[in-house]
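One line per chain: the protein sequences are A and B, in this order.
Okay, so the first sequence: first residue is 25 according to this note's numbering, each after it adds one.
Okay, so the second sequence: first residue is 25 according to this note's numbering, each after it adds one.
Rather than coming from a laboratory, the hints here were simulated on the basis of the structure.
Don't take every hint at face value.
Said to hold, decoys possible - Here are the simulated SDA-like pairs of lysine to any residue, each with C-alpha atoms no more than 25 Å apart in a straight line:
(1) B:K54 <-> B:G317
(2) A:K54 <-> B:P247
(3) B:K54 <-> A:P247
(4) B:K54 <-> B:V83
(5) B:K54 <-> B:A167
(6) B:K54 <-> B:S197
Okay, here's what each chain looks like letter by letter:
Protein chains: 2
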Amino acid sequence: MAQSRPPAVERLAVIGCGLMGGSFALALRKACAVGRIVGFSRSAASALRARELGVVDEVAADAATAVTGADLILLSVPVASTGQALAAMREAIRPDALCMDVGSTKADVMAAAASALGPRIDTFVGAHPIAGKERAGVEHADATLYDGCRVILTPTAQTHPERLARADALWRSLGARVSTLGPEAHDAALAAVSHLPHLLAFAAFRAVATQDDAPSLLSLAGPGFRDFTRIAAGDPALWRDVLIANREQVLDQARRFRAELQTRESALSAGDAQAVESLIAEASAGRSRWRLGG
Amino acid sequence: MAQSRPPAVERLAVIGCGLMGGSFALALRKACAVGRIVGFSRSAASALRARELGVVDEVAADAATAVTGADLILLSVPVASTGQALAAMREAIRPDALCMDVGSTKADVMAAAASALGPRIDTFVGAHPIAGKERAGVEHADATLYDGCRVILTPTAQTHPERLARADALWRSLGARVSTLGPEAHDAALAAVSHLPHLLAFAAFRAVATQDDAPSLLSLAGPGFRDFTRIAAGDPALWRDVLIANREQVLDQARRFRAELQTRESALSAGDAQAVESLIAEASAGRSRWRLGG
Numbered sequence: 025m026a027q028s029r030p031p032a033v034e035r036l037a038v039i040g041c042g043l044m045g046g047s048f049a050l051a052l053r054k055a056c057a058v059g060r061i062v063g064f065s066r067s068a069a070s071a072l073r074a075r076e077l078g079v080v081d082e083v084a085a086d087a088a089t090a091v092t093g094a095d096l097i098l099l100s101v102p103v104a105s106t107g108q109a110l111a112a113m114r115e116a117i118r119p120d121a122l123c124m125d126v127g128s129t130k131a132d133v134m135a136a137a138a139s140a141l142g143p144r145i146d147t148f149v150g151a152h153p154i155a156g157k158e159r160a161g162v163e164h165a166d167a168t169l170y171d172g173c174r175v176i177l178t179p180t181a182q183t184h185p186e187r188l189a190r191a192d193a194l195w196r197s198l199g200a201r202v203s204t205l206g207p208e209a210h211d212a213a214l215a216a217v218s219h220l221p222h223l224l225a226f227a228a229f230r231a232v233a234t235q236d237d238a239p240s241l242l243s244l245a246g247p248g249f250r251d252f253t254r255i256a257a258g259d260p261a262l263w264r265d266v267l268i269a270n271r272e273q274v275l276d277q278a279r280r281f282r283a284e285l286q287t288r289e290s291a292l293s294a295g296d297a298q299a300v301e302s303l304i305a306e307a308s309a310g311r312s313r314w315r316l317g318g
Numbered sequence: 025m026a027q028s029r030p031p032a033v034e035r036l037a038v039i040g041c042g043l044m045g046g047s048f049a050l051a052l053r054k055a056c057a058v059g060r061i062v063g064f065s066r067s068a069a070s071a072l073r074a075r076e077l078g079v080v081d082e083v084a085a086d087a088a089t090a091v092t093g094a095d096l097i098l099l100s101v102p103v104a105s106t107g108q109a110l111a112a113m114r115e116a117i118r119p120d121a122l123c124m125d126v127g128s129t130k131a132d133v134m135a136a137a138a139s140a141l142g143p144r145i146d147t148f149v150g151a152h153p154i155a156g157k158e159r160a161g162v163e164h165a166d167a168t169l170y171d172g173c174r175v176i177l178t179p180t181a182q183t184h185p186e187r188l189a190r191a192d193a194l195w196r197s198l199g200a201r202v203s204t205l206g207p208e209a210h211d212a213a214l215a216a217v218s219h220l221p222h223l224l225a226f227a228a229f230r231a232v233a234t235q236d237d238a239p240s241l242l243s244l245a246g247p248g249f250r251d252f253t254r255i256a257a258g259d260p261a262l263w264r265d266v267l268i269a270n271r272e273q274v275l276d277q278a279r280r281f282r283a284e285l286q287t288r289e290s291a292l293s294a295g296d297a298q299a300v301e302s303l304i305a306e307a308s309a310g311r312s313r314w315r316l317g318g
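Construct the complete structure from the given sequences, taking the supplied hints into account.
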């Protein structure tokens with residue numbers, strides 16, 4: 025992944041000092057592309073921990089103080105808190121700042137941002153880095169989290185072209201592969217390849233874990249089960265917000281999935297080995313060809 | 025994983041020179057615990073490739089020739105071919121040999137073995153190493169595949185205790201963690217932690233891959249999707265046999281899963297954020313605690 029020199033940032037404000045925000049701060053710092061990093065979290069402990077770990081240089085008392093003077097703002101809070109967080113900082117945002125989020129849903133985030141920011145919406149670019157890590161918290165922040173990672177930017181008619189270009193250059197400089205999609209198209213796509221898989225993994229893990237002999241079953245589970253259920257360890261508050269915000273698309277994808285499952289169950293019930301094999305063969309060939317980032 | 029010295033094997037016959045059989049041969053060879061290795065595959069090309077790769081020393085013209093004189097026989101063929109393969113070698117099996125399979129279902133395998141082997145059933149120990157690798161073929165054979173791997177032995181009333189003990193010692197010497205279960209209990213457990221997850225992964229991958237904008241969707245998929253669908257690349261003939269052989273148990277597990285999914289879909293439809301979160305929280309906490317081999 026060719027990495028260009030990151031656009032220099034004087035002052036980065038990280039609102040929400042968790043895995044995503046912390047990793048962004050570390051990545052910029054590693055690239056020697058940032059002057060000072062100010063952090064704010066609703067949980068004071070998280071922000072203090074981020075300072076102890078050297079992820080941020082200072083902890084602000086509130087979001088408005090954190091963003092004051094910042095030319096780059098990264099909002100990393102549960103998506104349902106987007107509007108509230110942006111409203112709290114609106115008056116303090118520099119007119120020439122770039123403000124981005126990292127949320128997993130975009131239609132709700134863009135609407136909340138437009139409503140909360142008012143005329144300052146031109147500073148905002150919706151961003152979704154599709155990074156995979158089940159452990160939350162700044163302790164697991166990683167300067168390489170975004171290297172090779174797909175980042176989707178979701179501009180709207182209100183997005184300032186210069187901010188979009190700056191956001192694009194910034195993520196690319198961290199090694200990310202940047203795509204652009206409308207917020208609705210983003211949510212439809214992510215329902216299929218991320219949100220529904222999480223819902224299925226939550227359901228599949230619990231279906232095993234609630235059986236009478238669950239400890240014995242889980243002791244017999246192998247690497248296939250481990251990988252299949254990895255995403256079932258996702259953060260409850262984060263995934264609650266994502267699934268609720270994008271529920272229409274997720275439920276639509278669930279209907280498609282159930283139809284596929286039903287087809288397989290019917291072939292099994294009928295003992296139709298040929299149908300079972302051809303249904304598997306199609307998925308197997310497709311999955312064997314597919315590569316992450318391909 | 026403490027490894028004891030493997031019981032010495034004079035002559036190993038590998039029937040079915042693919043990933044599992046080839047890896048077993050390589051593991052024994054690495055442990056300097058085998059004299060000569062003879063291979064046979066219904067596909068002559070596989071057996072010849074195994075010889076070229078040094079996985080077997082010689083290729084036999086048929087299964088009976090391969091097992092003649094062998095004190096250890098490893099059968100590694102699709103489970104539905106078990107009876108036919110054992111019948112073809114029955115007369116040539118040494119009375120003091122140990123014969124094992126590596127199939128993913130056990131009730132059908134034990135029944136087929138009893139029927140095909142007649143009095144020679146006392147040489148047979150059903151074995152299922154729960155090893156995870158999606159690429160089939162001896163090219164992907166790996167001397168360390170069974171190191172740390174869970175292996176389930178499925179003795180019946182007809183199993184000779186000395187053969188069971190020999191099988192146990194042999195797998196442990198390769199670093200495996202050995203459990204013993206009845207064939208039916210094995211199949212019930214594996215339906216939950218392996219067979220249904222495969223069925224779900226096949227269905228989930230195809231549900232995405234058949235959408236109009238599948239190439240775009242798949243290009244946006246991240247590491248979560250990669251891991252969740254890894255097992256969807258499983259071998260069609262192998263999984264056809266497993267799912268058909270164990271279909272009652274798999275369908276029973278599918279019913280449990282669908283009930284869990286329905287609960288989540290209902291909570292989403294109702295926009296009940298608290299219910300969604302608590303359903304996720306239970307799965308997330310359970311999956312975060314679970315460890316492979318724990």
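* Asked: Does B:V83 lie within 25 Å of B:K54 when you go C-alpha to C-alpha?
  -> holds, 20 Å
* To do: Below or equal to 25 Å on CA atoms is what counts here, so check B:K54 against B:S197.
  => holds, 11 Å
* Is it true that the CA of B:K54 sits at most 25 Å from the CA of B:G317? -> holds, 23 Å
* Taking 25 Å as the top limit, are the C-alpha atoms of B:K54 and A:P247 close enough? -> Roughly 23 Å separates the two Cα atoms, so the pair holds.
* **Restraint status (C-alpha distance of A:K54 to B:P247 at most 25 Å)** => With Cα atoms ~23 Å apart, A:K54 and B:P247 stay inside 25 Å; holds.
* Verify the proposed pairing of B:K54 with B:A167, using a straight-line Cα cut of 25 Å. => holds, 7 Å
When each numbered hint is compared with the structure, no violation occurs for any of them.
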